[in-house]
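J.: The whole structure should be built from the sequences, with the hints applied where relevant.
Residue numbers (the working numbering), protein chains in the order written: chain A, 1 to 379; chain B, 1 to 379.
Hints are computed from structural coordinates only; laboratory data are not their basis. Some clues are possibly wrong.
With a cut-off of at most 16 Å between alpha-carbon atoms, the simulated EDC-like pairs for lysine to aspartate or glutamate come out as follows [as the list claims (entries may be wrong)]: (1) B:LYS264 to A:ASP163; (2) A:LYS179 to A:ASP105; (3) A:LYS221 to B:GLU321; (4) A:LYS264 to B:ASP163; (5) B:LYS98 to B:ASP77; (6) A:LYS5 to A:GLU240.
Protein chains: 2
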Amino acid sequence: MSPLKNDTFLRALRREPTDYTPIWLMRQAGRYLPEYNATRARAGSFLNLCKNHELACEVTLQPLDRYPLDAAILFSDILTVPDAMGLGLYFAEGEGPKFERPVRDEAAVAALASPDPADSLGYVMKAVSTIRGALGGRVPLIGFSGSPWTLACYMVEGGGSDDFRQVKSMLYRRPDLMKRILEVNAQAVADYLNAQVEAGAQALMIFDSWGGALADGAFQKFSLGPIRQVIDRLQRERDEPEVDASGRVVGTRRVQVPVIVFTKGGGLWLEEIAATGCDGVGVDWTVNLGQARARVGARCAIQGNLDPMVLMAAPDQIRGEALKALESFGVPQAGIGHVFNLGHGISQFTPPESVTALVEAVHAYSREQRRRGASASSL
Amino acid sequence: MSPLKNDTFLRALRREPTDYTPIWLMRQAGRYLPEYNATRARAGSFLNLCKNHELACEVTLQPLDRYPLDAAILFSDILTVPDAMGLGLYFAEGEGPKFERPVRDEAAVAALASPDPADSLGYVMKAVSTIRGALGGRVPLIGFSGSPWTLACYMVEGGGSDDFRQVKSMLYRRPDLMKRILEVNAQAVADYLNAQVEAGAQALMIFDSWGGALADGAFQKFSLGPIRQVIDRLQRERDEPEVDASGRVVGTRRVQVPVIVFTKGGGLWLEEIAATGCDGVGVDWTVNLGQARARVGARCAIQGNLDPMVLMAAPDQIRGEALKALESFGVPQAGIGHVFNLGHGISQFTPPESVTALVEAVHAYSREQRRRGASASSL
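T.: Given below as structure tokens:
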């Protein structure tokens, strides 16, 4: 594996000084890119695309070939883990992910077991190592998983939901069953993420997409608690090539693997999320970046948080919103880190040139912001 | 109109002492009640039910005949106002509300005008006065409207949405058009609510159902600003019958008409919502009631916030969750008010006996809580 040429993203997560604010976009390899749609068409289906390591690698790199993004993220689905548990993941046309065998009763809960990632999730690890090779050290590769609670939502509902009636009914009526599902999921997610690190992932992200659907109190118990269990069990260091001044590999060294937790709709709980032991806290667009920095910035880097719909506006308007976000966060001083991102996945309807405007603006303004900050502090 | 026999709800909103914590439930007249479904079947459709003042009155009173709730809420739809603007409201089977003529371009925006509520919304006012008569002073009647932004979402999207792409695209690309829509809506909502007060509504609620979809910054500008405009224009007092000790009507007196603002997903902005001039702030279940009280309790009453899915649990579990919510809020002391409610509308799948357990528990525990509080403070 090649040494890293651009470590801005990792430095920001470690809250070390950076020359500019790094940026990547959730779902950056996706349907807004024509080249993605072409590869997906060749794969035949979304699941085939996830399960074919060469095609998964191809789409992972597509946005990096278009835009100077500061991180790559493994192309995969958050439901690979429950699929590996044997629940039968499938995609109904126009309806999103579904499971053939949702987990609804005592017997189904008892039968759940954490899968061996080397076995049924081997295709993901193959994708990770293929992508690492293809990246050639351009930017770090992020591995990821759904949070134990978010996986449980899909497992119990059997698909998406707008009221989470099945999973919350179980939570309130049979908390014992819910706890057992979350214990299995916490182990499965930890094993899955550790296997990704082993295969080459240089940072990890836990998507707690449905944590924000929970009530205060239930969130801490049923979403955050299991996330903490996952983080406690993670391999937080890995060996990376050590290079000399000429770029020649002369050995290996231990490096940290930072972990980001993103609870969509979790703005009220940032302090508690930051206390899970993660390195970065993802925030959605309802959060004021300056306030997030004041609340948890000394403890964790902040990742986020432009409304993806800003990318529907004209380039000048996008630049204006990017500037506002950077100004709201303020200049990252020593011990403070910001990774620019959207507050949620990019929309399939985004014009690709909008991303060009955004990435350029974030890089240019954040360099300018640091220059101004430096000249102000040298007065 | 009869004098009020139970003013606990209004007292709590005025942050005056109450013997117990009043409770009502968003969407309390709804599909979880067999008698509601029977009336709706007679009406033929949901819209017919809204537009027939006798049937609207009948369903408004149904939950009060079953449960000792402390307020009634006008049975209507939040989209009556844009319907009166001529957008052509209809309900597609299983798809929720839709508009035949969504507001998507400059010409459609320019053509918008605030309707005269006495004219095209007369059926709502007729329902309000019919319900007031039928209530006979049992409990106060709440009138309501969607917020200007929430109405704009439906008007521009032409129906429900999960990404608000159309309305947010307009907001970010053409803020001038969005501002014009919101100005019309603010005037329309103020006129509509004032007409409801005139017809007999004793409290008002503004449902900002989609405020939480906005980014920080955009929320203040596009949702909260127009809500403040509405509140500034509201008739906040009305004449109510004055009775003597024997209950005989001896004249009239001016009474306050409290206003509640509920932004679903607005927990990060409670201070700003409380500063709109409202009397009560509705909170969803992601908010910690004790923290909400500490943040805005001295300025506004708090309304909320049980997860509606708690009602899927067994009666003992429901009582436990009600107790936890009351304990989290703490005893309402002088200058503090709490109105118990769900954090969102009740689910159509709720067993009716769950509501019995909840209402009884809230009334009994909150009386007990006040007794304990009183004995503790008399030590």
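J.: Determine for every hint whether it applies to the structure shown.
T.: Verification of the hints:
1. B:LYS264 to A:ASP163: Holds, at about 14 Å.
2. A:LYS179 to A:ASP105: Holds: LYS179 of chain A and ASP105 of chain A sit about 13 Å apart, inside 16 Å.
3. A:LYS221 to B:GLU321: Satisfied, since the Cα-Cα distance of roughly 14 Å is no more than 16 Å.
4. A:LYS264 to B:ASP163: holds, 14 Å
5. B:LYS98 to B:ASP77: This hinted pair holds, its Cα atoms lying about 12 Å apart.
6. A:LYS5 to A:GLU240: holds, 12 Å
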